[in-house]
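Peer 1: Protein sequences appear in the order of chains A and B. Going by numbering that gives the first Met the number 0, the first sequence opens with residue 0, and the numbers climb by one from there. Going by numbering that gives the first Met the number 0, the second sequence opens with residue 0, and the numbers climb by one from there.
Bear in mind the hints are in silico, worked out from the structure with no lab data behind them. Honestly, I wouldn't trust all of these hints.
Distance condition first, Cα-Cα at most 20 Å in a straight line; then the derived SDA-like pairs of lysine to any residue [stated by the list, open to error]:
1. A/Lys155 with A/Gly134
2. B/Lys62 with A/Asn39
3. A/Lys74 with B/Ser67
4. A/Lys77 with B/Ser77
5. B/Lys62 with A/Gly134
6. B/Lys62 with A/Glu90
7. B/Lys238 with A/Thr17
8. B/Lys142 with A/Gly14
9. A/Lys255 with A/Asp244
10. A/Lys74 with B/Ser77
11. A/Lys155 with B/Met69
12. A/Lys155 with B/Pro73
13. B/Lys142 with B/Asp60
14. A/Lys77 with B/Ile79
15. B/Lys62 with A/Leu92
16. A/Lys77 with B/Lys62
17. A/Lys77 with B/Pro73
18. B/Lys62 with A/Gly40
19. B/Lys238 with A/Gly14
20. B/Lys238 with A/Asp69
21. B/Lys140 with A/Lys77
Only some residues are given here: those of chain A computed to face chain B with a beta carbon under 8 Å [stated by the list, open to error]:
22. Thr51
23. Arg76
24. Gln105
25. Gln106
26. Lys223
Backbone N, C-alpha and C define an ideal beta-carbon position, used for all residues, glycine too.
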Amino acid sequence: MPGIIDVSQLVKIYGDGTKAVKGITFSVNEGEFFGFLGPNGAGKSTTIKILTTLLQKTSGSASVAGLSVDSDAPKIRKIIGVQNQDTVVDEDLTGRENLILQGQLQQMHGPAIKERVDDLLKIVDLVDAADKRAGFYSGGMKKRLDLATTLVHNPKILFLDEPTTGLDPQSRAAIWAYLKRLNEQGITIFITTQYLEEVDRLCRRLAIVDLGEIVAQGTPSELKQEIGADSISLGFENSSLNGGDVRTKARQVLEKKFDGVSNIVDSDVGLTVYAKNGSYMVPELVRAFDEAQIRLSTIGVSSPTLDDVFLKHTGKRIRVEEVSSANMRGMFGRRRR
Amino acid sequence: MVFFSLFQPIIFLLLFTQLFSGLGRFLGAGILSYTAFATAGIVLQNAFSSAFQSGTAVVDDIKSGFLSKMLATPVNRSAILFGRLLSDVFRVVVQTVIILVLAYALGVYPATGAIGYLLVIFTVAFFGLAWSGISLALGLKTKSAETVFGIAGAVTFPLLFMSTALVTADFMPPWMQDVSTYNPVSIAVNAIRNPITGCNVAQRICNIGFDWNTILQAYGVIAAIGLVTLGATLYLFRKVVS
Chain A
0 MPGIIDVSQL VKIYGDGTKA VKGITFSVNE GEFFGFLGPN GAGKSTTIKI LTTLLQKTSG
60 SASVAGLSVD SDAPKIRKII GVQNQDTVVD EDLTGRENLI LQGQLQQMHG PAIKERVDDL
120 LKIVDLVDAA DKRAGFYSGG MKKRLDLATT LVHNPKILFL DEPTTGLDPQ SRAAIWAYLK
180 RLNEQGITIF ITTQYLEEVD RLCRRLAIVD LGEIVAQGTP SELKQEIGAD SISLGFENSS
240 LNGGDVRTKA RQVLEKKFDG VSNIVDSDVG LTVYAKNGSY MVPELVRAFD EAQIRLSTIG
300 VSSPTLDDVF LKHTGKRIRV EEVSSANMRG MFGRRRR
Chain B
0 MVFFSLFQPI IFLLLFTQLF SGLGRFLGAG ILSYTAFATA GIVLQNAFSS AFQSGTAVVD
60 DIKSGFLSKM LATPVNRSAI LFGRLLSDVF RVVVQTVIIL VLAYALGVYP ATGAIGYLLV
120 IFTVAFFGLA WSGISLALGL KTKSAETVFG IAGAVTFPLL FMSTALVTAD FMPPWMQDVS
180 TYNPVSIAVN AIRNPITGCN VAQRICNIGF DWNTILQAYG VIAAIGLVTL GATLYLFRKV
240 VS
């Protein structure tokens, strides 16, 4: 059965020669909560833009609800809701007016809009602030309003690009709760985010992209099992040792003395080591490093998380701070001049 | 926003008419007050600076993601652009009406009556549309409000001051008179000034009612400018949209 989103060998090369997406293939089933993860510059936003008909692909095929993104773009726009990375609300209008405007942009008419807007204000808990100008809203309220605008026309599929970035924990939790409820009502959700814990909890399936290619795909538990090992994160006190890189030295020690190690990846503070029964290895590890005069500042053992999955496939840890200041500026909406 | 952007033309109207009131003698004593002369210039200057706001507004729409958000809806592509232009024209019309009312309070009575003023408003709207095209094209091309502002300043002031918007040609050095004759701003301002004053100031004749030669010449020039600027805007908009 074909998915509600079908992407095959999708390629996007920008005018300046940048290969943002290098032939990715994936599919999302109807009603799925699908996470699309990757470090900055991996090609996530480019893919979302192609799927939401904002950008033309270079080659390959992409369809949404069986409609081709090239020839059926107007039909696709009627059944999708799109939330960009930036919060887009008109600050000169009230929350209610913003929703009505969006309803009109979605070519809804008359009483249908009014009813739908009332419902949405309830869904995102903005009933009390509905008739205040959006310029007076907090960041979290704007984000909720923005989310509501994407829902006006009862879309079948919701595309969300970093919907909770830059929000305080409560607002974030609120947004995730709405998304969970929407998904339970049958809306397919396609989301990019940097919050892996929520992905782990809510996404039925996910794909990890890096440098324009899909490097891993599956359910969260499949991907975690694939690691098949605990992760031991090591932090070093100094970045160099006797003129050499401490990471290189540490790798040599690990490779020579420890058979159970399945993978070693560089991390920000040192190394992350994957090994079966990691906690049993710790005493030996400390002793071995001590002998090699490598001084540890931190050591921690955990069962695999999506963080580890992400690190294994991209060599990077996902970090919320990665969001550029340009995005942050956009967080706080739009003011008309 | 309509309110704040009116400050400049109102200040200009009050300031220039005082500053250059001595110029009245160039216009022939008792025939035409400087205030009546300058009203057309202020109306045009306002249309000028107002039009440059469309460029910065479109940059704002692109940067804030508002344009993307509209593009992800089934709204007709060209409606997004024409809506922008229409709102710009509406704004400049409102501003023009306010300036004309203020000028009326200062004693500028329309020589050609209400129909003349309707023609003025129509001309200004037409000019504003053509000129918005420049700022929109710049905004779409550079995607930088600063650049649009910078170019606006660099273009607006020389064009405005080397025209007969605020002074008569005989006030200028000879080389500038030549520039002023072919300056589209002069040509457009003549078409606005004639219905307000009932004069052809360049030829120093008054009480002639509508001077259709001047008006039609201006419409030809504005149409030519509009064709180029709006054509460029449409082309660049298509590129941004796809």
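Peer 1: Each hint needs a verdict: does it hold in this structure or not?
Peer 2: Outcome of the hint check:
1. A/Lys155 with A/Gly134: Outside the cut-off at roughly 30 Å; violated.
2. B/Lys62 with A/Asn39: Between B/Lys62 and A/Asn39 the Cα gap is close to 19 Å, so the pair holds against 20 Å.
3. A/Lys74 with B/Ser67: At roughly 17 Å apart (the allowed maximum being 20 Å), B/Ser67 and A/Lys74 satisfy the hint.
4. A/Lys77 with B/Ser77: The hint holds at about 17 Å.
5. B/Lys62 with A/Gly134: With a Cα-Cα distance of about 17 Å, the restraint between B/Lys62 and A/Gly134 holds, given a limit of 20 Å.
6. B/Lys62 with A/Glu90: Holds. B/Lys62 to A/Glu90 sits at ~15 Å (cutoff 20 Å).
7. B/Lys238 with A/Thr17: It holds: about 18 Å lies between the C-alpha atoms, which stays within 20 Å.
8. B/Lys142 with A/Gly14: Judged against 20 Å, a Cα distance of about 16 Å means the pair holds.
9. A/Lys255 with A/Asp244: holds (17 Å)
10. A/Lys74 with B/Ser77: holds (17 Å)
11. A/Lys155 with B/Met69: holds (18 Å)
12. A/Lys155 with B/Pro73: holds (15 Å)
13. B/Lys142 with B/Asp60: holds (10 Å)
14. A/Lys77 with B/Ile79: holds (17 Å)
15. B/Lys62 with A/Leu92: Cα-Cα ~19 Å, so holds.
16. A/Lys77 with B/Lys62: violated (24 Å)
17. A/Lys77 with B/Pro73: With a Cα-Cα distance of about 6 Å, the restraint between A/Lys77 and B/Pro73 holds, given a limit of 20 Å.
18. B/Lys62 with A/Gly40: holds (18 Å)
19. B/Lys238 with A/Gly14: holds (12 Å)
20. B/Lys238 with A/Asp69: holds (16 Å)
21. B/Lys140 with A/Lys77: Violated, at about 29 Å.
22. Thr51: For A/Thr51, the interface hint holds, since the closest Cβ of chain B sits about 5 Å away, which is under 8 Å.
23. Arg76: Status holds, d = 5 Å.
24. Gln105: holds (5 Å)
25. Gln106: Holds - the Cβ of A/Gln106 comes within 8 Å of chain B, reaching about 6 Å at its closest.
26. Lys223: violated (34 Å)
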